[in-house]
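Asks: Listed here are the chains, written in short residue letters.
Number of protein chains: 2
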Amino acid sequence: MRVYNFSAGPAMLPVEVLERAGAELTDWQGSGMSVIEVSHRGKAFVECAAHAAQNLRDLVRIPDNYAVLFLQGGASAQFAAVPMNLTKPGQKAAYFKTGSWSGKAISAAKAQEIGVDVIADQADSAYTTVPAPGTFTIPADAAYVHYTPNETIGGVEFSYIPDAGGAPLVADMSSTILSQPVDISRYGVIYAGAQKNMGPSGLCVAIIRRDLLGHARPTTPSVLDYAAMEASDSMLNTPPTFAIYLLGLIGDWLIESGGLEAQAERNRAKSGALYAAIDGSGFYRNPVALDARSRMNIPFTLPDPRLDASFLQGAADAGLTNLKGHRSVGGMRASIYNAMPLAGVHALTDYMADFALRHG
Amino acid sequence: MRVYNFSAGPAMLPVEVLERAGAELTDWQGSGMSVIEVSHRGKAFVECAAHAAQNLRDLVRIPDNYAVLFLQGGASAQFAAVPMNLTKPGQKAAYFKTGSWSGKAISAAKAQEIGVDVIADQADSAYTTVPAPGTFTIPADAAYVHYTPNETIGGVEFSYIPDAGGAPLVADMSSTILSQPVDISRYGVIYAGAQKNMGPSGLCVAIIRRDLLGHARPTTPSVLDYAAMEASDSMLNTPPTFAIYLLGLIGDWLIESGGLEAQAERNRAKSGALYAAIDGSGFYRNPVALDARSRMNIPFTLPDPRLDASFLQGAADAGLTNLKGHRSVGGMRASIYNAMPLAGVHALTDYMADFALRHG
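Protein chains in written order, with our numbering: chain A, 3 to 362; chain B, 3 to 362.
Please note that the accuracy of each hint is not assured.
Here are the simulated SDA-like pairs of lysine to any residue, each with C-alpha atoms no more than 20 Å apart in a straight line [as the list claims (entries may be wrong)]:
no. : chain 1 : residue 1 : chain 2 : residue 2
1   : A       : Lys45     : B       : Arg4
2   : A       : Lys45     : B       : Gly332
3   : A       : Lys94     : A       : Glu21
4   : B       : Lys112    : A       : Lys94
5   : A       : Lys90     : B       : Arg219
6   : A       : Lys90     : B       : Thr221
7   : A       : Lys112    : B       : Pro220
8   : A       : Lys45     : B       : Lys45
9   : B       : Lys45     : A       : Lys112
10  : B       : Lys90     : A       : Arg219
11  : B       : Lys45     : A       : Gly321
12  : A       : Lys106    : B       : Arg219
13  : B       : Lys106    : A       : Gly321
14  : A       : Lys112    : B       : Ser330
15  : B       : Lys45     : A       : Gly362
Quick list of simulated restraints, FRET-style, between CB atoms [what the hints assert, rightly or not]:
no. : chain 1 : residue 1 : chain 2 : residue 2 : range
16  : A       : Lys112    : B       : Val120    : 32 to 40 Å
17  : B       : Ser187    : A       : Leu344    : 32 to 40 Å
18  : B       : Asn67     : A       : Ala271    : 35 to 43 Å
Selected chain B positions facing chain A (Cβ under 7 Å, derived; list incomplete) [as the list claims (entries may be wrong)]:
no. : residue
19  : Met14
20  : Glu21
21  : Ala79
22  : Thr139
23  : His217
24  : Pro220
Derived by calculation from the structure, the hints in this document are not laboratory data. Every value quoted in this text rests on a predicted model; they were computed, and no experiment measured them. Cβ coordinates follow ideal geometry from the N, Cα and C atoms, glycine included.
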């Protein structure tokens, strides 16, 4: 009996993928071994990893002048790896601050002894907005420009790609990758933890324009050195094989279901239905500016926080789980990544309407 | 149809564990979710991770003055993390060089701008020996002493714990952890990639004496900072949840099968049977000194390398896989970690005897 799981990450995955992975966990491809028991340097797994990478290239239309890397340590490791790979101490980088995750990226960059120029800080709106195009200035000496296209906790999403003014644009796409088509050519570096739209935790995908490879500081740990990882096909050390295998299966599932254009339409329909239910209720409230609302993570509050526990219990009883908001925000949060079907959102909006009727 | 898989890592896992993990991959603990879909901060997974850590504490008898951390990036990330956490630039550390992996650890330490004093280098024996006790001198100013108890590629293992002369002893136990009891009190830091005796790849366990926490360089990435990871119960960022869950199941399996004393006996019986078959054959040859032979990774050669392909094909046909030696050594290598049953070793020695008869 599966539930509709609104967890922000690790998150719901396609049940077809899980069923297949479960069924072949003792015998993969008739080998008499699990995919997690075979050598990462053997032909079978090398092909498996290449297939996962090719799926990403096909889905996201990643040009040849970009490397696709499989890394470990999640986006948090990349918060340090980006300045380690793209700057020398004393250089400067520009950061947008739009919430919790971009704030962490800024702190980690400062620890790498670079100057961090925060070119937009949405504190005045309590991080419920993104800066409008044209309202920020990129310093001429910025080694790169970093932003977080979607803040998972605040539920705030850029609806446009910021102009980086000639500097490489770096994006933490953990919570939006594979949710819609993206113009890769606008970016220098994209990184994303897998545990939302790409599979289980423990894998971080990085997409890096090749001219940015080879500039890492000598003290960069080899497993975070983009050029060293690229030169070894992401197998400088043992990669997280299970996560890469699942990424391949999820890529297959996305391709079979129409690719990112079709996925973007489904995601628009899902978030549209949920925002409409919130806005039309006169009961629930989403605090985010209309032009910055996330398609992936939708926080909402009830009129009285004393109703929260009852809302969550009733939801769990109805098979709608992990709706509790982040502790820093409170209220509720529904994360509706690719694997959440429209039927799951409808089950949630039905429950919300019923709850509002009973408590409104 | 399962095979006997002699892969050096990722490696064979207990089939009972794989069957259970496969069966509950769409519905874990009746939650209607997979273990890889739930929040790492939810009660169910927090308990799952605590259970995995407690199993390690119980099995290895880890005292309270040691922290147990779940990290990412494998032993290779620790090659950099150890000097980042235990030294400042310009300090000195002592390293044993007994083969390929200790050599990589040395290179990574030098990249962290410390002086590396190689206190024993077994190059003269082509890395088929370990230094005898008392034949090396620990510099008084060594911040720590690093060694590799078992060299996975060369098949060379220390049969004793080196005296670090008051400095913290640091060990890369990737290929021996959980294979036998170990006196933790002799160590400052133990780290080990999971993909041999503890589960799938993508998880690295670190066991750290608490007085060594809190000295990381400011530029250490947060996910490699021992104190920061300890303070967050290894959940500073999203941990590799599937690998931690499997580690818990493998700990259960080890405890049910008698703990590390019983496992050490089984491992001695397995390696003893294989070495006896090699030495008694007059056909196969293991190059390692008798007092340095690994219980986990057993390389052997045939009298004529032109027989290798035929040996490997026949072995695969008999359900004995991944016996090809590392490219840097050649010949064969049988890795016989905890999950390899004695019956698997007997199947191998039977095949080897038959092959020698036909080609001797």
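Asks: None of the hints should be skipped; say for each whether it holds.
Replies: Going down the list of hints, with the structure as the test:
Our distance criterion of 20 Å between C-alpha atoms is met by lysine 45(A) and arginine 4(B), whose separation comes to about 19 Å. Distance check on the hinted pair: lysine 45(A) and glycine 332(B) sit about 18 Å apart at the alpha-carbon level, within 20 Å; holds. Between lysine 94(A) and glutamate 21(A), the direct Cα distance comes to roughly 48 Å. Violation of the 20 Å bound is thereby established for this hinted pair. Note on lysine 112(B) and lysine 94(A): the hinted pairing is violated, with a Cα-Cα distance of about 27 Å set against a maximum of 20 Å.
Using a Cα cut-off of 20 Å, the hinted pair lysine 90(A) and arginine 219(B) holds, with the two alpha carbons roughly 17 Å apart. At roughly 12 Å between alpha-carbon atoms, lysine 90(A) and threonine 221(B) fall within 20 Å of each other, so this suggested pair holds. Between the alpha carbons of lysine 112(A) and proline 220(B) the distance comes to roughly 10 Å, so the proposed pair stays at or under 20 Å and holds. Pair hint lysine 45(A) plus lysine 45(B) does not hold up; C-alpha atoms about 40 Å apart against a cutoff of 20 Å.
Taking the CA atoms of lysine 45(B) and lysine 112(A), the gap is about 33 Å. The hint is violated against a cut of 20 Å. For the hint linking lysine 90(B) to arginine 219(A), the alpha-carbon distance of about 17 Å falls within 20 Å, and the restraint holds. At roughly 17 Å between alpha-carbon atoms, lysine 45(B) and glycine 321(A) fall within 20 Å of each other, so this suggested pair holds. For the hint pairing lysine 106(A) with arginine 219(B), the CA-to-CA distance comes to about 18 Å; that is within 20 Å, so the pair holds.
Using a Cα cut-off of 20 Å, the hinted pair lysine 106(B) and glycine 321(A) is violated, with the two alpha carbons roughly 50 Å apart. In summary, the hint linking lysine 112(A) to serine 330(B) is not supported, as the alpha carbons are separated by about 42 Å, beyond the 20 Å threshold. Annotation: proposed proximity of lysine 45(B) to glycine 362(A) is violated, straight-line Cα distance about 31 Å (limit 20 Å). Checked against the given bound of 32 to 40 Å, the beta carbons of lysine 112(A) and valine 120(B), roughly 36 Å apart, stay inside it.
Against the hinted window of 32 to 40 Å, the Cβ-Cβ separation of serine 187(B) and leucine 344(A) comes to about 58 Å, which falls outside the hint. Between asparagine 67(B) and alanine 271(A) the Cβ separation comes to about 56 Å, which falls outside the hinted range of 35 to 43 Å. The criterion of a C-beta within 7 Å of any C-beta in chain A is met by methionine 14(B), whose closest approach is roughly 6 Å, and the hint holds. With a cut of 7 Å, the hint placing glutamate 21(B) at the interface with chain A holds, because the nearest CB-to-CB distance is about 6 Å.
The beta carbon of alanine 79(B) comes within 5 Å of a beta carbon in chain A, closer than 7 Å, and the hint placing it at the interface holds. Taking 7 Å as the C-beta cut-off, the interface hint given for threonine 139(B) is violated, the closest approach to chain A being about 29 Å. Annotation: interface hint on histidine 217(B) violated; nearest CB of chain A at approximately 15 Å, more than 7 Å. Hint status for proline 220(B) relative to chain A: holds, with the closest Cβ pair at about 6 Å, below 7 Å.
The structure is inconsistent with the numbered hints 3, 4, 8, 9, 13, 14, 15, 17, 18, 22, 23, although it conforms to all the rest.
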